[in-house]
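Protein chains in written order, with the numbering used here: chain A, 693 to 798; chain B, 693 to 798; chain C, 693 to 798; chain D, 693 to 798.
These are calculated hints, taken from the structure and not from any lab test. Fair warning: there could be bad hints in the mix.
When chains are identical, the list treats them as one kind, so a pair holds in a single copy or across two.
Once the Cα atoms are required to be at most 30 Å apart in a straight line, the calculated BS3-like pairs of lysine-lysine come out as [to be verified]:
| id | residue 1 | residue 2 |
| --- | --- | --- |
| 1 | 700 | 752 |
| 2 | 713 | 700 |
| 3 | 790 | 700 |
| 4 | 790 | 707 |
| 5 | 790 | 752 |
| 6 | 790 | 713 |
| 7 | 700 | 783 |
Values in this document were obtained by computation on a predicted structure and should not be read as measured data.
There are 4 protein chains.
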Amino acid sequence: MQLSDIQKIHGQFCKERDWEKFHSVKNLSMALAVESSELLELSQWLTEIESNNPSADLLKRYKEELADIFLYLLRISEVLKIDLLESALSKIEINGAKYPLDKPSI
Amino acid sequence: MQLSDIQKIHGQFCKERDWEKFHSVKNLSMALAVESSELLELSQWLTEIESNNPSADLLKRYKEELADIFLYLLRISEVLKIDLLESALSKIEINGAKYPLDKPSI
Amino acid sequence: MQLSDIQKIHGQFCKERDWEKFHSVKNLSMALAVESSELLELSQWLTEIESNNPSADLLKRYKEELADIFLYLLRISEVLKIDLLESALSKIEINGAKYPLDKPSI
Amino acid sequence: MQLSDIQKIHGQFCKERDWEKFHSVKNLSMALAVESSELLELSQWLTEIESNNPSADLLKRYKEELADIFLYLLRISEVLKIDLLESALSKIEINGAKYPLDKPSI
């Protein structure tokens with residue numbers, strides 16, 4: 693199972709439900725921001741340490757919110773015909789130039 | 693190049709910069725929400741149609757924001773030892789039960 | 693009833709429930725972002741025109757989300773001893789310098 | 693200077709710049725979420741204690757972001773003809789029913 697498989701399955705899922713007409717980049721960006729805040733909500737009153745040591749129930753909720761964010765991310769990428777893996781790799785390079793290592797890593 | 697490759701490369705990138713100490717789930721969730729809003733900002737004054745037809749410059753900015761969101765998503769998944777692809781697949785199933793098709797798709 | 697009255701009533705409300713220990717600027721900023729996304733959620737699949745013409749039920753939900761955002765805004769301002777009205781006025785001046793009028797308004 | 697004064701001044705400011713055509717509830721909700729995340733960004737890598745003890749520069753940035761959020765909150769309230777102070781008071785009552793005190797406050 694690869695990223696492109698999930699993207700295809702989810703694209704088909706949305707198509708079957710006639711959701712494509714709602715899936716403008718503007719609307720999908722809103723939906724993605726909403727899901728990101730649902731993730732945020734899970735740790736808003738926790739300490740950092742607590743957020744890293746979730747109960748089984750909290751872990752399940754983390755998983756669901758991460759999945760929701762990921763699915764919208766895949767949808768926007770599809771609408772814009774952007775290759776997410778390639779973009780991420782290229783962003784790591786940009787970040788590498790922005791935050792160079794003082795000394796080379798071993 | 694697969695999702696797990698990017699995740700390893702980016703994990704190593706963060707490790708080399710000694711960023712792991714900042715990467716609690718709480719902090720990473722904040723960072724992910726911030727990046728999601730940077731994507732949101734790009735279309736906030738556009739119509740839906742305009743958001744779908746970006747200039748070359750806007751497309752480049754979309755790409756960078758999507759990459760930033762994706763990289764934080766990979767980081768949180770790594771910290772929580774969550775398999776993002778498996779979670780997404782399982783979420784599509786949950787959504788399928790929530791939004792059943794009236795008639796089977798062809 | 694003035695802004696400062698609401699701020700006092702709400703501050704007292706939080707104090708009585710022993711919530712002050714949770715109310716760091718970091719946590720309150722997260723809570724405010726979460727509430728802002730709950731507002732966002734209400735119009736995510738609406739057209740702009742639809743968002744401006746809410747049903748009675750949607751209007752009620754707008755009202756509640758706006759109130760939630762406002763209450764957290766008042767809390768953060770209180771924790772930081774920031775005068776919200778004065779800050780807003782000063783920000784309008786900054787914006788005026790940033791977006792000058794081509795010709796004076798009548 | 694009262695909330696309603698700021699609201700009037702800012703409404704006039706937007707009108708003079710012909711921004712009203714962009715100010716649908718949908719768009720303003722996006723703008724408010726974007727500003728909330730700019731506030732969030734300021735404390736994303738800070739501890740809670742650090743977030744509560746800002747330098748002069750950070751305090752200035754907190755102030756500006758709080759003002760931006762407040763101004764969009766006033767705009768949405770104006771577009772929807774919602775009384776923010778009255779809504780906040782009514783929300784405190786709802787919260788009081790949701791989170792009752794075990795014993796009456798003195």
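Comparing the hints with the structure gives:
Taking CA atoms no more than 30 Å apart as the test, residue 700 paired with residue 752 passes in both settings, with 24 Å inside one copy and 23 Å between copies. In this homomeric assembly, residue 713 and residue 700 come within 30 Å of each other (Cα to Cα) only inside a single copy, at 17 Å, whereas the closest approach across copies is 36 Å. With identical chains, the CA atoms of residue 790 and residue 700 are at most 30 Å apart between copies only, with a shortest distance of 20 Å across copies and 34 Å within one. Proximity of residue 790 to residue 707 under the C-alpha cut-off of 30 Å is restricted to the inter-copy arrangement: shortest distance 16 Å between copies versus 40 Å within a copy.
In the homo-oligomer, the alpha carbons of residue 790 and residue 752 lie at most 30 Å apart only across protomers (18 Å), although the nearest pairing inside one protomer, at 35 Å, exceeds that limit. Taking identical chains as interchangeable, the C-alpha atoms of residue 790 and residue 713 lie at most 30 Å apart only when they sit on different chains, with a minimum of 20 Å there against 39 Å within one chain. Within a single copy, residue 700 and residue 783 get their C-alpha atoms as close as 24 Å, and across copies as close as 14 Å, so both meet the 30 Å cut-off.
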